[in-house]
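S.K.: Listed below, chain by chain, are the residues.
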Amino acid sequence: MASPWQIECLTYRINSLVAEIQRVSKKDHPYNEPRVVYEALLSVLDGRAKLLKDYVQLFQLPGGERSLQNCYETVARDVAIVAEVFSLVDRVDSARIPFEILRPLSWAARELVRGKYRVVVRLDPIFDYTFMSTRMVFENRGWGADWLKVTQKHKIAHDVLLLGIPSAYAHAILLNALAAHELGHLLFNTQRQQLKDIITLVFRQVFQKHNLKLQDYVARRARGLPGGLTQDAYANESADVYRLALSITMEWCSELYSDLVATRLLGPAYIAAFDRVLIGRWQPTESHPPNDLRRNLMITYFEKNFPQIVANSGELWASLKNGLSESARYVDELWTFGEEVCRSAVAPFTETLTKIVNTPFSEPPEEFSSLISEMQDHIDNLSPPSAVLGEKSMWINSNGFWSMFYAAWYFRLNRARFESFTRRYQWQDSPSDAEDALSNLLLQGLRSLELKFRFKAQKTGMRE
Amino acid sequence: MSILKPVGVEDPFASLAWSACVATLALEKMSTRRPIDDEERSALSKVLDLVEATSRAHRLTFEELLATGQDVTSPLVIASFSALAGMTRHHDRPIELDQTVEDLRNIITQLGSACEAKIDRKLLKRAQDACQTLLESINLQRASPQQPAYIES
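Sequence lines, in order, name chains A and B. Per my numbering, residue 2 is the first one in the first sequence, and the count goes up by one each step. Per my numbering, residue -9 is the first one in the second sequence, and the count goes up by one each step.
Just so you know, these hints were derived from the structure itself, not from any lab. Please read all numbers here as calculations on a predicted model, not as lab measurements. A portion of the hints provided could be inaccurate.
To be verified - Restricting the straight-line Cα-Cα distance to at most 27 Å, the calculated cross-link-like pairs of lysine-lysine (DSS-like) are: (1) A:54 / B:115; (2) A:214 / B:19; (3) B:36 / B:115; (4) B:36 / A:393; (5) A:150 / B:19; (6) B:19 / A:197; (7) A:51 / B:19.
Stated by the list, open to error - Label-pair ranges, simulated between beta-carbon atoms: (8) A:169 / B:99: 32 to 40 Å; (9) B:39 / A:55: 51 to 59 Å; (10) B:99 / A:32: 43 to 51 Å; (11) A:31 / B:50: 29 to 37 Å; (12) B:96 / A:145: 21 to 29 Å; (13) B:99 / A:23: 27 to 35 Å; (14) A:355 / B:32: 39 to 47 Å; (15) B:39 / A:23: 19 to 27 Å; (16) B:50 / A:55: 34 to 42 Å; (17) B:27 / A:85: 46 to 54 Å; (18) B:96 / A:224: 55 to 63 Å; (19) B:27 / A:97: 44 to 52 Å; (20) B:111 / A:58: 52 to 60 Å; (21) B:39 / A:363: 38 to 46 Å.
Ideal Cβ positions, reconstructed from N, Cα and C, are used throughout, including at glycine.
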């Protein structure tokens, strides 16, 4: 049973976390959204503190030990999660954060997912790129009511997206091509009802095909337990394996779908940004398929759906394809299962995405090539690529937004051109300065495009 | 989400554990004839949903479950297998799932009616015990998520 001292320690932790969140909340922030998240977290903690108090009151007599222990465990775990979520929205005021990227990203999110969003950014200590919907973070952890209460109080109708940029890459605007993948997750969640049927069908087909192998796998796992292969051990292991098979299916499908969204919007530019973050061969996990498989599927998808862009992109595409390796073969049956789920889901996902996600690559190939070429000429002369779009009003939209990322990465990956750029402005001794300049031009371009879009929307009375 | 790994604690059971915890409190309040609020009522329904799903997962083979047109994308289905594994592994006397479904349904039906004050205390106690077992199973799964070993040939 949780002793009075343990309950006291837990209460102390809750109070300390409340004090810390309140302290950070009082700091100056460039926007209001972090405060709303802090307030919702305080509401979650308040609920846990009250529940703990009620339990202590109702279950303190002999006979209530089991209940009190369970409550203690549950609240302790929840408080740890609150602390972790708080870390995602702490230090959002660093002077190194490129705040100018936030508005264009919010706009891109709105155009793709058709919801209302504001982006909050923090620097992440590790080499990862994260983007999460606060509403979903709260709902997935059972705190949806707290989020609703606080956003209603502040009359906030939009979701807050928490963006985490690797601290070491804070200035690397090119890396924000990865936002396309994360926005893909938002789209996946809004389309969940429609995607449910596809995923269920794929799961059934792959499960039927692998059924015997999975049964063998369950038996092998049960045999490895201390008591050996008994009926109970088999039943336990099969429940675990089915849970894992279902969980891997959902998680990997969500990653695959988001990769395909990003590839549809950015093609090779997304793969290039992906390579910047996922250095080395990562093992598959319950949440993410292995890198090699993801890369293979993205490349195959793009080549099949946009052959003309591949043909026109020459060196850019070739340099990315060089890194293509064979898919790994797994001993663990569940990874093989997950891989087959992903391969089977590509076709139905492609069909769905073709209907709901606009892509710059579906524009006439000659026009697209000419646009990208003009943008690169501007970059070569230290002029933001958006200058080209001022004369082409049909590109003042999200297609223009993603095209700029494409042009910037195309420029960066064209070895001869980028080296010439580096020499021209005397950055030979520090090529990363040349990439920083490229990032700045892209940032100016994205900001300018977003302003152009708003101006156009106001002028024509269209929806912003 | 993140590009390479889950961010923070991905805890699919957080919501269910909270509901089981609140439901236990609600049942205790009811057995001492205290009023319960909307959140507590809602928690009882959520626990009922989980126990029903777990009961299905227990009764049918996985193939039979798939044949029923089960939505495999539902977090509840995934949680039900986890609860089942946790319950059979960690408890000598796992709860009677069908009995718990019946008990909780019975209690929820009587809530808000004239019979609310007369709900049998034994029934409340049995449902409370079941909630505790469920909560223990869920919390154990939360503490140590199972990860299969990865070996590349």
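S.K.: Decide, hint by hint, whether the structure agrees.
M.R.: Evaluation of the provided hints:
For the hint linking residue 54 (chain A) to residue 115 (chain B), the alpha-carbon distance of about 21 Å falls within 27 Å, and the restraint holds. For the given pair, residue 214 (chain A) sits about 49 Å from residue 19 (chain B) by alpha-carbon distance, which is inconsistent with the 27 Å threshold. Distance check on the hinted pair: residue 36 (chain B) and residue 115 (chain B) sit about 18 Å apart at the alpha-carbon level, within 27 Å; holds. This hinted pair does not check out: residue 36 (chain B) and residue 393 (chain A) have alpha carbons roughly 54 Å apart, beyond 27 Å.
Taking the CA atoms of residue 150 (chain A) and residue 19 (chain B), the gap is about 25 Å. The hint holds against a cut of 27 Å. For the given pair, residue 19 (chain B) sits about 39 Å from residue 197 (chain A) by alpha-carbon distance, which is inconsistent with the 27 Å threshold. Under the criterion of a C-alpha separation no larger than 27 Å, the hint pairing residue 51 (chain A) with residue 19 (chain B) is consistent with the structure, at around 15 Å. Residue 169 (chain A) and residue 99 (chain B) have their C-beta atoms about 59 Å apart, which leaves the hinted 32 to 40 Å range violated.
At about 23 Å, the CB distance of residue 39 (chain B) to residue 55 (chain A) disagrees with the hint of 51 to 59 Å. At about 48 Å, the beta-carbon gap between residue 99 (chain B) and residue 32 (chain A) stays in the expected band of 43 to 51 Å. Between residue 31 (chain A) and residue 50 (chain B), the C-beta spacing of about 54 Å breaks the proposed range 29 to 37 Å. Our hint of 21 to 29 Å for residue 96 (chain B) and residue 145 (chain A) holds, since their Cβ atoms are close to 28 Å apart.
Here the CB-CB span from residue 99 (chain B) to residue 23 (chain A) is close to 43 Å, at odds with the stated 27 to 35 Å. Here the CB-CB span from residue 355 (chain A) to residue 32 (chain B) is close to 40 Å, well matched to the stated 39 to 47 Å. Roughly 36 Å separates the CB atoms of residue 39 (chain B) and residue 23 (chain A), a value that falls outside the hinted 19 to 27 Å. The supplied range of 34 to 42 Å is met by residue 50 (chain B) and residue 55 (chain A), whose beta-carbon atoms lie about 38 Å from each other.
Against the hinted window of 46 to 54 Å, the Cβ-Cβ separation of residue 27 (chain B) and residue 85 (chain A) comes to about 28 Å, which falls outside the hint. In this structure the supplied range 55 to 63 Å is violated for residue 96 (chain B) paired with residue 224 (chain A), their Cβ-Cβ distance being about 42 Å. Between residue 27 (chain B) and residue 97 (chain A) the beta carbons are some 46 Å apart, a value that agrees with the proposed interval 44 to 52 Å. Between residue 111 (chain B) and residue 58 (chain A) the Cβ separation comes to about 19 Å, which falls outside the hinted range of 52 to 60 Å.
At roughly 43 Å, the beta carbons of residue 39 (chain B) and residue 363 (chain A) sit within the given window of 38 to 46 Å.
Of the numbered hints listed earlier, those contradicted by the structure are 2, 4, 6, 8, 9, 11, 13, 15, 17, 18 and 20.
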